[in-house]
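Okay, here's what each chain looks like letter by letter:
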Amino acid sequence: MADLKIKALHKHYGPVHAVRGIDLEIPAGEFTVLVGQSGCGKSTLLRTIAGLEDADAGDIEIAGERVNDVAPKDRDIAMVFQNYALYPYMTVFDNIAFGLRARRTPKSEIEPKVRRAARMLAIDHLLQRFPRQLSGGQLQRVAIGRAIVRNARLYLFDEPLSNLDAQLRDEMRGEIKRLHQELGKTMIYVTHDQVEAMTMADRIVLLREGRIEQAGSPLDLYERPATGYVAGFLGSPAMNFLPATVDEQSSGPAVRLTPTLSLPLPAARRGALEARRGGALTLGLRPEHILRAAGDDAREGLVRYSALIDLVQPTGSRTYATFRLGERDVVAELQSHDVSRPGEKLDLALDMNRAVLIDPETNRVI
Amino acid sequence: MASRGGTARFADRNFPLLLVAPAILILLLVGVFPLAYLVVASFQGITMTDNDKSFQGLVNYIQLFHDPRLWTSLLHTVLFTAIALPLELLLGLALAQLFLDKMPGRSVFVGLLVLPVVVSPIVAGATWSLLLDNRFGPVNQILGWVFGREMPLLWTINPELVYPAIILAEVWQWTPFMFILLLAALASVDRSQMEAAAIDGAGYWRTFFRIVLPAIWPVMAVAVLIRGLDLFRIFDVVWALTQGGPGMRTETISIFTYIKGFQQFEISYTAAVAFLVILLLSGLVMAALRRVELSR
Numbered sequence: 000m001a002d003l004k005i006k007a008l009h010k011h012y013g014p015v016h017a018v019r020g021i022d023l024e025i026p027a028g029e030f031t032v033l034v035g036q037s038g039c040g041k042s043t044l045l046r047t048i049a050g051l052e053d054a055d056a057g058d059i060e061i062a063g064e065r066v067n068d069v070a071p072k073d074r075d076i077a078m079v080f081q082n083y084a085l086y087p088y089m090t091v092f093d094n095i096a097f098g099l100r101a102r103r104t105p106k107s108e109i110e111p112k113v114r115r116a117a118r119m120l121a122i123d124h125l126l127q128r129f130p131r132q133l134s135g136g137q138l139q140r141v142a143i144g145r146a147i148v149r150n151a152r153l154y155l156f157d158e159p160l161s162n163l164d165a166q167l168r169d170e171m172r173g174e175i176k177r178l179h180q181e182l183g184k185t186m187i188y189v190t191h192d193q194v195e196a197m198t199m200a201d202r203i204v205l206l207r208e209g210r211i212e213q214a215g216s217p218l219d220l221y222e223r224p225a226t227g228y229v230a231g232f233l234g235s236p237a238m239n240f241l242p243a244t245v246d247e248q249s250s251g252p253a254v255r256l257t258p259t260l261s262l263p264l265p266a267a268r269r270g271a272l273e274a275r276r277g278g279a280l281t282l283g284l285r286p287e288h289i290l291r292a293a294g295d296d297a298r299e300g301l302v303r304y305s306a307l308i309d310l311v312q313p314t315g316s317r318t319y320a321t322f323r324l325g326e327r328d329v330v331a332e333l334q335s336h337d338v339s340r341p342g343e344k345l346d347l348a349l350d351m352n353r354a355v356l357i358d359p360e361t362n363r364v365i
Numbered sequence: 000m001a002s003r004g005g006t007a008r009f010a011d012r013n014f015p016l017l018l019v020a021p022a023i024l025i026l027l028l029v030g031v032f033p034l035a036y037l038v039v040a041s042f043q044g045i046t047m048t049d050n051d052k053s054f055q056g057l058v059n060y061i062q063l064f065h066d067p068r069l070w071t072s073l074l075h076t077v078l079f080t081a082i083a084l085p086l087e088l089l090l091g092l093a094l095a096q097l098f099l100d101k102m103p104g105r106s107v108f109v110g111l112l113v114l115p116v117v118v119s120p121i122v123a124g125a126t127w128s129l130l131l132d133n134r135f136g137p138v139n140q141i142l143g144w145v146f147g148r149e150m151p152l153l154w155t156i157n158p159e160l161v162y163p164a165i166i167l168a169e170v171w172q173w174t175p176f177m178f179i180l181l182l183a184a185l186a187s188v189d190r191s192q193m194e195a196a197a198i199d200g201a202g203y204w205r206t207f208f209r210i211v212l213p214a215i216w217p218v219m220a221v222a223v224l225i226r227g228l229d230l231f232r233i234f235d236v237v238w239a240l241t242q243g244g245p246g247m248r249t250e251t252i253s254i255f256t257y258i259k260g261f262q263q264f265e266i267s268y269t270a271a272v273a274f275l276v277i278l279l280l281s282g283l284v285m286a287a288l289r290r291v292e293l294s295r
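One line per chain: the protein sequences are A and B, in this order. For the first sequence, counting from 1, position 311 maps to 310 in numbering that gives the first Met the number 0; every step adds exactly one. For the second sequence, counting from 1, position 43 maps to 42 in numbering that gives the first Met the number 0; every step adds exactly one.
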């Protein structure tokens with residue numbers, strides 16, 4: 000059963016067409032992440048679902064009921080805002096209880112509910128404090144507490160972690176995901192951070208210029224991107240893109256980067272290029288699909304390349320090495336000790352089994 | 000050598016004080032000197048005919064308590080303030096709410112609404128006195144059209160109409176002051192807090208009292224304080240419309256002071272009255288400021 004159904008939704012801000020025809024169904028209990036660059040319409044979409052913005056065209060259904068003309072408070076939703084939007088003149092307790100009181104929950108039920116929510120978020124010792132006395136992470140917990148204390152059908156998160164520092168963000172990310180597992184509620188989470196999207200989502204909806212570029216499970220989008228945009232958006236460091244042409248070799252079509260450099264494709268990947276001989280192509284290669292060549296490695300689809308390492312960026316667990324491939328700089332994600340300093344010559348293997356082949360005209364994956 | 004070093008250090012340390020000293024001296028001269036002079040005069044016996052500068056003790060202050068005209072005028076003042084101040088506040092707040100949302104021609108409307116504040120109060124009073132004229136004033140004329148018969152209302156003479164007339168003029172002139180301050184305050188209320196409240200299920204009044212009002216409270220308190228002080232010293236409008244009449248029915252403390260001091264020239268007694276007003280208002284302001292401070 001779909002908890003939320005959106006049909007052909009449009010939203011304009013003056014001359015800006017922010018949401019351009021979105022169709023989306025979100026099943027009950029799913030954690031959906033709306034992700035995209037700033038200005039892609041993800042926050043607008045969320046705010047329209049919440050009822051803070053009016054849709055210009057299209058339908059929004061929550062639990063089978065059309066809610067376009069229903070006030071936010073009657074949509075059975077709870078929302079966490081980017082800047083927390085806590086009520087500054089109330090204690091943490093009153094902040095969390097505000098929604099319950101506004102809905103005339105009996106007094107005897109309010110206290111245990113607030114305490115339970117506070118305990119889940121480990122802020123039960125802060126209930127008598129005011130927001131100005133709290134740290135960023137604590138404020139965020141209170142904001143989440145204010146949402147989960149109410150038994151809403153739909154929980155909306157508008158970039159809730161973007162004001163936190165990196166360490167806290169990692170921590171809260173896990174906590175929100177755990178919260179979702181415990182509560183089993185339908186949650187929609189907006190972020191521009193692809194790491195948040197990948198790690199938290201049951202399903203990612205990737206937006207671009209007001210439209211859905213691709214929707215699916217995180218690994219689906221990561222491994223089988225529909226377009227070059229999706230392929231480039233997900234993954235860190237980002238996928239390497241190389242302009243190429245489809246080249247004819249004795250074994251079948253191959254990917255030619257320069258007149259002197261051609262990369263053969265494994266048999267399974269050749270078919271798609273049969274019709275494109277001589278045509279232009281963009282080769283997408285993820286950093287982790289460039290490996291250090293082992294001596295006896297002759298697996299099909301691995302193409303050997305002797306690289307002159309230009310830049311070395313160790314992260315501890317992995318090391319990013321930049322080198323020249325064809326006419327572009329390419330980043331490879333290697334084992335920590337595979338490479339030690341720039342200027343080193345290294346035998347690498349490009350895993351063409353995992354390469355993404357993109358039509359540069361349409362930017363669609365072939 | 001040592002003493003020279005000492006002088007230099009003294010000058011260094013007190014350089015900021017030396018810089019502000021002239022300004023402070025001038026402030027003392029124009030602010031504190033008249034006040035001190037006032038207090039001194041209030042213990043003397045100066046009138047138009049008698050320049051008696053000998054010490055009279057508390058005679059003038061004792062007279063204060065036996066002067067019913069003073070207390071009546073004080074009562075009138077409190078009455079004006081108690082009626083006009085809430086009216087200005089509520090009307091200003093309502094207008095500010097109305098003009099908070101963007102709408103076509105908003106800036107023109109706001110500009111027009113603020114015009115009365117720009118007009119000098121004595122001019123506003125004179126204008127209202129023309130508007131309310133019983134024979135030629137447009138107010139009576141319009142009322143005549145509405146009720147279908149002549150309405151020769153004596154706005155500035157009829158004891159039942161003078162208060163409404165004065166308060167009308169006063170509210171007309173100063174509501175925009177409240178409006179403009181409250182508009183600025185309302186515009187600065189965090190939108191997302193109101194959105195959060197809307198999703199939390201709070202209605203208009205709950206949102207207003209729990210979120211908007213606490214946020215605009217400091218500005219509102221200052222606006223009320225400023226207007227309250229102004230109203231307590233109300234003079235121009237009343238003077239232009241009724242000169243405190245009919246009889247002494249609309250005489251405020253400022254008008255009483257003016258008449259005592261500059262028509263009857265009871266200089267020392269007037270000084271005592273003025274000092275009483277200063278004490279009253281200072282007490283009021285200090286109490287109000289403390290409340291505003293506490294509420295933060």
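Errors might be hidden in some of the hints.
To be verified - Below, a list of computed lysine to any residue pairs in the SDA-like style, where the Cα atoms sit at most 20 Å apart:
#	chain 1	residue 1	chain 2	residue 2
1	A	Lys72	B	Lys101
2	A	Lys72	B	Leu78
3	A	Lys106	B	Arg209
4	A	Lys176	A	Ala165
5	A	Lys6	A	Leu45
6	A	Lys72	B	Ala197
7	B	Lys101	A	Glu52
8	B	Lys101	A	Arg177
9	B	Lys101	B	Phe9
10	A	Lys176	A	Asp55
11	B	Lys101	A	His11
12	A	Lys6	A	Pro71
13	A	Lys6	A	Gly20
14	A	Lys112	A	Arg177
15	A	Lys72	B	Arg209
16	A	Lys184	A	Gly28
17	B	Lys101	A	Pro14
To be verified - Partial chain B-side listing against chain A, Cβ under 10 Å, derived:
#	residue
18	Ala186
19	Arg190
20	Asp199
21	Thr206
22	Met219
23	Phe231
Derived by calculation from the structure, the hints in this document are not laboratory data. All of these numbers come straight from a predicted model, not from anything done at the bench. C-beta atoms are modelled at their ideal positions from N, C-alpha and C, and glycine is treated no differently.
Evaluation of the provided hints:
Only pairs whose Cα atoms come within 20 Å are accepted, and Lys72 of chain A paired with Lys101 of chain B is rejected, the gap being roughly 23 Å. Simply put, Lys72 of chain A and Leu78 of chain B have alpha-carbon atoms about 44 Å apart, too far for the 20 Å limit, and the pair is violated. The suggested pairing of Lys106 of chain A with Arg209 of chain B holds, with an alpha-carbon distance near 18 Å, which does not exceed 20 Å. Between Lys176 of chain A and Ala165 of chain A, the direct Cα distance comes to roughly 17 Å. Compliance with the 20 Å bound is thereby established for this hinted pair.
Using a Cα cut-off of 20 Å, the hinted pair Lys6 of chain A and Leu45 of chain A holds, with the two alpha carbons roughly 14 Å apart. Taken as a hint, the Lys72 of chain A and Ala197 of chain B pair is honoured in the structure, with Cα atoms around 6 Å apart against an allowance of 20 Å. The suggested pairing of Lys101 of chain B with Glu52 of chain A holds, with an alpha-carbon distance near 15 Å, which does not exceed 20 Å. Between Lys101 of chain B and Arg177 of chain A the CA atoms are separated by roughly 42 Å; this puts the pair beyond 20 Å, and the hint is violated.
Under the criterion of a C-alpha separation no larger than 20 Å, the hint pairing Lys101 of chain B with Phe9 of chain B is inconsistent with the structure, at around 59 Å. For the proposed pair Lys176 of chain A and Asp55 of chain A, the alpha carbon gap of about 33 Å is over 20 Å, so the pair is violated. Only pairs whose Cα atoms come within 20 Å are accepted, and Lys101 of chain B paired with His11 of chain A is accepted, the gap being roughly 17 Å. The hinted pair formed by Lys6 of chain A and Pro71 of chain A meets the criterion: a straight-line CA distance of about 19 Å does not exceed 20 Å.
In summary, the hint linking Lys6 of chain A to Gly20 of chain A is supported, as the alpha carbons are separated by about 8 Å, within the 20 Å threshold. Of the pairs offered as hints, the one joining Lys112 of chain A and Arg177 of chain A holds, with about 19 Å between alpha carbons and a cut-off of 20 Å not exceeded. Simply put, Lys72 of chain A and Arg209 of chain B have alpha-carbon atoms about 17 Å apart, close enough for the 20 Å limit, and the pair holds. As the CA atoms of Lys184 of chain A and Gly28 of chain A are separated by approximately 5 Å, the hinted pair is consistent with the 20 Å bound.
Proximity of Lys101 of chain B to Pro14 of chain A is assessed by CA-CA distance (about 16 Å); at most 20 Å being required, the pair is judged to hold. The interface hint given for Ala186 of chain B is broken, as the beta carbon of that residue sits about 17 Å from the closest beta carbon of chain A, more than 10 Å. Residue-level restraint check for Arg190 of chain B holds (minimum Cβ-Cβ distance to chain A is 9 Å; threshold 10 Å). For the restraint placing Asp199 of chain B at the interface with chain A, the shortest Cβ-Cβ distance is roughly 4 Å, inside the 10 Å limit, so the hint holds.
With a cut of 10 Å, the hint placing Thr206 of chain B at the interface with chain A holds, because the nearest CB-to-CB distance is about 9 Å. Taken as an interface hint, Met219 of chain B does not check out: its beta carbon lies about 14 Å from the nearest beta carbon of chain A, beyond 10 Å. Checking Phe231 of chain B against chain A: minimum C-beta separation of about 30 Å lies over 10 Å; hint violated.
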